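Peer 1: So the sequences go chain by chain: A and B.
In terms of our numbering, the first sequence has 63 at position 63, counting the first letter as 1, and numbering is strictly consecutive.
Just so we're on the same page, our numbering is the position in the second sequence counted from 1, plus 1000.
Because the hints were derived from the structure by calculation, they are not lab data.
Misleading hints may appear alongside valid ones.
Quick list of simulated restraints, FRET-style, between CB atoms [said to hold, decoys possible]: (1) I135/A / P1232/B: 17 to 27 Å; (2) R156/A / P1232/B: 54 to 64 Å; (3) R1256/B / P94/A: 13 to 23 Å.
Since the model is a prediction, treat every value here as computed from it, not as a measurement.
Every residue, glycine too, gets a C-beta built ideally from N, C-alpha and C.
Residue-level listing of the chains:
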Amino acid sequence: MSELYNIEPFKNDAIEKAALESTPVVDNGPSTFLTQLLGFWVTFRTMFKKPNTVQYPEVKEPTAPRFKGRHQLNRHPDGLEKCIGCELCAWACPADAIYVEGESNTEEARFSPGERYGKVYQINYLRCIFCGLCIEACPTRALTMTNEYELADDSREKLIYEKQDLLAPIHQGMIMPPHPMAPGADDGSYYRGEVKGVQQ
Amino acid sequence: MSTQEVSSDVTLELITLTIDGFEVTVPKGTLVIRAAEKLGIQIPRFCDHPLLDPVGACRQCLVDIEINGRKFPKPQASCTIPVETGMVVNTQLTSNVADKAQKGIMEFLLVNHPLDCPVCDKGGECPLQNQAMSNGNGESRFDGYKRTFEKPINISSQVLLDRERCILCARCTRFSEEIAGDPFITLNERGALQQVGIYEEKPFDSYFSGNTVQICPVGALTGASYRFRARPFDLVSTPSACEHCASGCDMRTDVRRGKTLRRLAGDDSQVNEEWNCDKGRWAFKYATASDRIKTPMVRGADGQLHEASWPEALATAAAGLSVNRAAVLVGGRATVEDAYGYSKFARVALNTNDIDFRARVHTDEERDFLASAIVGVQVNYSAIDRADHLVLIGFEPEDESPIVFLRAFKQVRKRGLKVTTIAPFTSRGSKKLKAEVVKSIAGNEAHLIAKISGLTSKSVILVGERLCESSGGLSATLALSQSSGAKLAWIPRRAGERGALEVGAIGTLLPGGRSVSDASARVDLQSAWGVKSLPENIGRTTSEIIEGLHNGDIDSLLVGGVDPLDISADAIAGLEKAFVVSLEMRHSAITEIANVILPIAAVVEKSGSFLDWEGRARAFEAAVDVPDLRSDVRILSMIADQMGKPINLPTVASAANEFSALGNWDGARAPFTPTSATLISGDTILASWRLLLDAGSLQDGEANLANTAHPSVAIISAERAEKLGVKTGDSVRVFNERGAITLSCEIRDIENNSVWIPRNSHTSKTIATLGVASGASVSVVKA
């Protein structure tokens, strides 16, 4: 039996030995004018290059097109919210940054097509790690990420974004919910993209 | 076929079979799917439920079966086939045929199942979702149009049905037929259009409808009050006990961020099995009602209540109670620990036995009956399972203790248990129990009890708290039980009454069934409590306390969770004169006259335990943490400290430990002196009881639940209806010199000189309006 386990034990002193025997600093001899000039060559060469510095915040460079910034809750073309309050984003979130509460749409107050909408929607940007798993989880493409990266503030409360902070703006053809679904449309036709914006 | 319970007096025949190559031995009659469970082999299933009869509706549990070398030609549903000797079963784990069959069934089930998971309440805890992942194909080959139905329809105001999602497992219809006995839902149509439907004339007003939501394996049945509220991963679940009645249901309370979102029936095979009633499931919003008291209040010199600090309120309460003559009313909803606190507080801090937990109609006969025959005695649900004859007296199980009804109904259905009930008419529950109804006039039950014969030692007599309203009723029942040897149990309506009795929150008893008049019992308790003396005289009853307050014999009153209108219409007048310290959750008639109000925690906010009617402890933990709300016993301990007469019960746990250390008194019980029966006569005698869903304050705030309450009707006989010239549905007026109640009438098999109305429904409050509960003369006219 003992032969089976006859493995040489790991020796800790090997590491110490290697550390002691590491390559010493190469001595290039005494510093001359030429060797100093060689060192300044890097500086000299950079002087003729275009600088990378941006005068932020006066100048704002566009991000890469798929940069993952602040989230946005999208709307259907007629202004109804795409979010159905299903909490799949909250479920997917590895940082527990999202809090959602669902609620029933009623005939009097309809915020999204179908039965359910997100009544409370919060993203805590102190916790968010911008991984984008919430975007992948969203079954209605309600949640996407914008390129906005300026997410600094001076209190914790201000960094918990509420639903009104995250909702997409009302564009041409949209009406601010609550309002009924387009005549003759149901939630299916909204998801298939058959509902267009309202003619104004 | 019963596979779950095998009663101990039947010898078991064991059968050995092979499942997936492993041998397993199980009792004869076990289903293959259960035998596999015993080995830890999970066969996917939807329709199968251990407490429902097998039906084989969903076909998801198909397995390959071979008996003595002969193979079934096709895979068989393992939830319908009982085991046999020499059976060889191959599940999806070892048989490709079974695996392919299961995947095929899953694909079929999903063909018409909508992709509602993101908006469906069941998402995240859905057997279909889970088993489609574990035992289904990843991809669907179906590219046609799914069958659609109109989105949710109301089966009742509380239960919603989404027919698209239904997989036709028939769990809900089997539950309502087999367990609740309310077959108001059924499967209609055939083929792809098959759906769960209701009888259009009769709404689904079952008291147990919430269980169908819980056992639905998909999101087809959902509860209106939990709809779209949360996902299972949001919820923190706490095991709890139901505070609504003395059935003692095991519960689960689900809380999201400090807010109770739903309560589910727990699984306790000894008590509620896996069921509960709709009241227990949905009536929990009272704890978050807007009139909830959060801070102590003290009545100032101006006669108005003012918010006060805890030290000020405690000091005022202690000063007011530090008089010679104080009394305590506990109410029937206190936990065992809280009631123990009240009991000890009365004896040690107030030096009185004037304490009574019966905030309802009560008699001295009842008090003596409880002390001699009930306290410390346990009769269990299993006694009903084994009974040869069940006698119900002054007790309507479906309304007053629903799980007792379910357990009795199960035995009636399974083995034809004989049920006899002494009741004014054949109620819906009695009809379902196929009970022999001995028709009584309220107040005259005693004469009928004496005539019951044919009871043996295996029989069970269940008396309701209402029987005390009938003079001599409890005496006759006790005599019947003693002469026949039948087991006798008392079933109060409220959850805390049995516990309050055991802790001695009544004038004749000390904790653990010790008699106040027994010197040795008092000495025993004195040494346990470390006090020099305990009051010796028999304490006053609730009505005597109120009379004493009225006469000025008692100066101050400590009252916890009592509605004076439960006792009598005039009770509040007596309380107005005294110094009243009220431990209350919400504003009520008591807090309007109270001098000091101390806020207490609701059941979901505190720990504690109840004793159900069996005498079984039902402990629960706090589900919601509210820092400023304390259990009654903690507050009583603080008042006692302030008075300089400490009761040393700083926590719920300390009260529980102290009470259990005291133990039950094994000395002599108080002798019982029977009360003679009186005979009530009159043209119209009032009978009443409380319906399960009524105007009770613990049901406040849940409109959907209130809509499923049974309609409040006045029940009259056909002869009276003819005399009055009314038909079923016409309005009648029930009145006496105090007031009148107008209800639509229903003609039933009630005695001609009797009328029944609900005791505490929104349109019919007998004590408040008529000043009587039952057994009194009233008049009935056409309205």
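Peer 1: Going back to the hint list, which numbers does this structure go against?
Peer 2: 2
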